[in-house]
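Below, each chain spelled out in residue letters.
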Amino acid sequence: MTDPPVATSSGLTSRQAVFLVIRRELRERTRQRSFAISTGVTLLIVLAIAILPGLLGDDGPREYDVGVVGASGPPLAEALQRVDLGRDIKVSTRVLQERSEAERLVEDGDLDVAIDGDTVIVREELEGDLEALVQLANRDVRTQQALAAAGVSGEQAVAITDPPPLRTDALDPPNQAQDDRRGLVTFGVFFVFGQIFGYGFAVASSVVEEKSSRVVELLLAKIRPSQLLTGKIVGVGALGFAQLVLYFGVGLVAAVASGSTDMPPGLGGALALVLGWFLLGFALYSALFAMAGAVASRVEELQNTSSPITFLIMAGYIGTVAAAGDPGGAVARVTSFFPFWAPLVMPIRMAAGEAPAVEVGVVTALVVASIVVVVRLAARIYAGGALRTRGRIKLKEAFADAARP
Amino acid sequence: MLELQDVTRRYGDVVALDGVSFAVQHGEMRGLVGRNGAGKTTAMRIVLGLAEPDAGQVRLNGSAVDDAARRRIGYMPEERGLYPKMRVLDQLDFFGQLSGLTAADAKAAAKHWVERLGVADRAEDRLDELSLGNQQRVQLAAALVHGPDLLVLDEPFSGLDPVGVDVLSAVLREEAARGAAVVFSSHQLELVEQLCDGVTILDKGKVVADGGIKELRMRHGGRRLRIRVQGAAHDWAQGLAGVSAVHPDDGEVVLELADDADTQQVLDAARSAGRVEAFMPMSPSLAELFREVVES
Chain A
1273 MTDPPVATSS GLTSRQAVFL VIRRELRERT RQRSFAISTG VTLLIVLAIA ILPGLLGDDG
1333 PREYDVGVVG ASGPPLAEAL QRVDLGRDIK VSTRVLQERS EAERLVEDGD LDVAIDGDTV
1393 IVREELEGDL EALVQLANRD VRTQQALAAA GVSGEQAVAI TDPPPLRTDA LDPPNQAQDD
1453 RRGLVTFGVF FVFGQIFGYG FAVASSVVEE KSSRVVELLL AKIRPSQLLT GKIVGVGALG
1513 FAQLVLYFGV GLVAAVASGS TDMPPGLGGA LALVLGWFLL GFALYSALFA MAGAVASRVE
1573 ELQNTSSPIT FLIMAGYIGT VAAAGDPGGA VARVTSFFPF WAPLVMPIRM AAGEAPAVEV
1633 GVVTALVVAS IVVVVRLAAR IYAGGALRTR GRIKLKEAFA DAARP
Chain B
847 MLELQDVTRR YGDVVALDGV SFAVQHGEMR GLVGRNGAGK TTAMRIVLGL AEPDAGQVRL
907 NGSAVDDAAR RRIGYMPEER GLYPKMRVLD QLDFFGQLSG LTAADAKAAA KHWVERLGVA
967 DRAEDRLDEL SLGNQQRVQL AAALVHGPDL LVLDEPFSGL DPVGVDVLSA VLREEAARGA
1027 AVVFSSHQLE LVEQLCDGVT ILDKGKVVAD GGIKELRMRH GGRRLRIRVQ GAAHDWAQGL
1087 AGVSAVHPDD GEVVLELADD ADTQQVLDAA RSAGRVEAFM PMSPSLAELF REVVES
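Keeping their order, the protein sequence lines are chains A and B.
Quick note on the numbering used here: the first sequence kicks off at 1273 and runs consecutively.
Quick note on the numbering used here: the second sequence kicks off at 847 and runs consecutively.
Next up, chain A with everything else stripped away, as it sits in the complex:
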């Protein structure tokens, strides 16, 4: 057996140490079968959400079968075809000889309604669109007849019965592209919420697992707590980020291909912003979750130590729902200024065009400043708590115990 290699000088830079930790996190996590399964299941959900509106949304015009009885039937049938309710409705007419036949066909469901003189025959009741259609057609025929009796005909009659429709002059017209963008960004933000929560918790449980398996003692004999924590957060975060990009990409391609949505202009930029806000949000929450892990020593305790963080992000989720409903509203505006909620609420406000550049700048600065504070605090708490593998640790003790942050 030849002699094994010997590490000469330990030329491991801080960056290399962090890189080794990142690589281990990525390798070990992607190797787990549960990772492949959860990614696959989420992709299926993404596909379902993306494709279903395309399949369900466009079910063609509504079709009505209308019977007309007797001599007044043909002109009425003609009027029924002419009336335009401004909706996607198709009417088929049938001229019948007897009222009894009309009644039988309506009873059997072959006809939706039948008109006999001044009576409409229905099975149960006359529904809205059909009533408007029938009444308008009837009024049209009667007006024509009255005009003809009064000697008005031709273009004059048409000008009376069929005046040009009113033009719409919208002061604040809906912006279809912006609405589509907002809708898609809102979907994106819900996934961001899931990823921040899921992968933030993964940071916490990874911290606790290293403590409960005691491997942390060997790790911290080799590298500093700050290097281990940085590698862990970046490694776990990179995986969450990559998944998010995958979900967005697959969802978008599927949605466009299935006809659920047109690709609104500017969507790429809006989704890139969502991803950017994910990175900020993850930095903030993963640092909090790392603290929750550092003060627990068993996975069971993590439920307790992480519950304040769970409440915090859940509250942010409520802000998100409010922003999705009313991006210009007070709730959206106020919650977007709170650094822990901004990463969820701000992208929706921005996609809706409801966030002035100054506010975006101020909120971004607030969030970045919070990240700096929280990450430093987390590094300190982690340094103090990582080696305490027994029992719950008080935050204050962990903070005081940080020997080599």
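Calculated from the structure, these hints are not laboratory results.
Each hint should be verified, as a subset may be incorrect.
Claimed, not checked - Covered stretches of chain B, going by a simulated chain A footprint (3 or more residues, C-beta under 8 Å): (1) 893 to 900; (2) 909 to 918; (3) 925 to 935; (4) 1070 to 1080.
What the hints assert, rightly or not - Dumping the calculated EDC-like pairs for lysine to aspartate or glutamate here, alpha-carbon to alpha-carbon at most 16 Å: (5) LYS931/B to GLU975/B; (6) LYS931/B to GLU1300/A; (7) LYS957/B to ASP971/B; (8) LYS1362/A to GLU1403/A; (9) LYS1362/A to GLU1350/A; (10) LYS931/B to GLU1403/A.
Glycine included, C-beta positions come from ideal geometry on N, C-alpha and C.
With the hints as your guide, set chain B onto chain A.
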């Protein structure tokens, strides 16, 4: 060379280490012994930078232990721990690189050590699929993988079967022969006596004996004498000045002497009792020595 100088560490009101000093030379194997709570683990963790001393210094080859030097120490913590779900070879590769090996060297070293420690056939398995004994071998490999010049092992023999003890003993001898300074704690004093050149005995955070095992035994010897006197009555030594106890033993007697005993007076008494055939100061075993210094 590893040196601890007047290292003191308190945890609240408990003094875990109280002015502890000892040194381990390259090529030396040193046992760190003491009762539970004597301060062995604290001393080792301070060497590894896992705890800070309140006072005193740790030096490695003459200078304070910085990150780079610390990374080069091979360490086996008291509470074993590696990644349970990680494969054996990947794990050793990871710790090899964290200790400063290049990627290629770490791979080669990981292979070398799984073979040397007899777990090569489990190299691709997850750690938690191995028996506890094999997990312990992997733990040892993680301490050795980068060819450290200082090995700090906390209770490395605990939990090993006799074959494991032999493998570990052989490996530690090889490491010391390679020039590594080896320090380990153990309650198995016979093992320490067999393996180690020097020993440091801690009691209640203080060093109560420190030095080469031979020298220590000699120094604490002379407190007992084995004497064979032909033709003497079996109780010839009873009541001699300075003799605190007499144990007859197969025609000989073993005398325990008081601190102020004069061995020459004892010899005179023996000669007047009969023909002195043997007169040997007895050096105590490490276990006896331990009891003496710790319990006194």
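Structure-based check of all given hints:
1. 893 to 900: Our answer is that it holds, as 5 residues pass the Cβ test (under 8 Å) against chain A, meeting three.
2. 909 to 918: Per the Cβ count (6), the hint holds.
3. 925 to 935: Contact hint for the stretch 925 to 935 of chain B vs chain A: holds, 8 residues under 8 Å.
4. 1070 to 1080: violated (count 0)
5. LYS931/B to GLU975/B: Holds: LYS931/B and GLU975/B sit about 9 Å apart, inside 16 Å.
6. LYS931/B to GLU1300/A: Roughly 8 Å between the alpha carbons, so the hint for LYS931/B and GLU1300/A holds.
7. LYS957/B to ASP971/B: holds (14 Å)
8. LYS1362/A to GLU1403/A: holds (14 Å)
9. LYS1362/A to GLU1350/A: Status holds; Cα separation ~13 Å.
10. LYS931/B to GLU1403/A: Distance ~69 Å between LYS931/B and GLU1403/A Cα, so the pair is violated.
When the structure is compared with the earlier hints, violations turn up for hints 4 and 10 and for no others.
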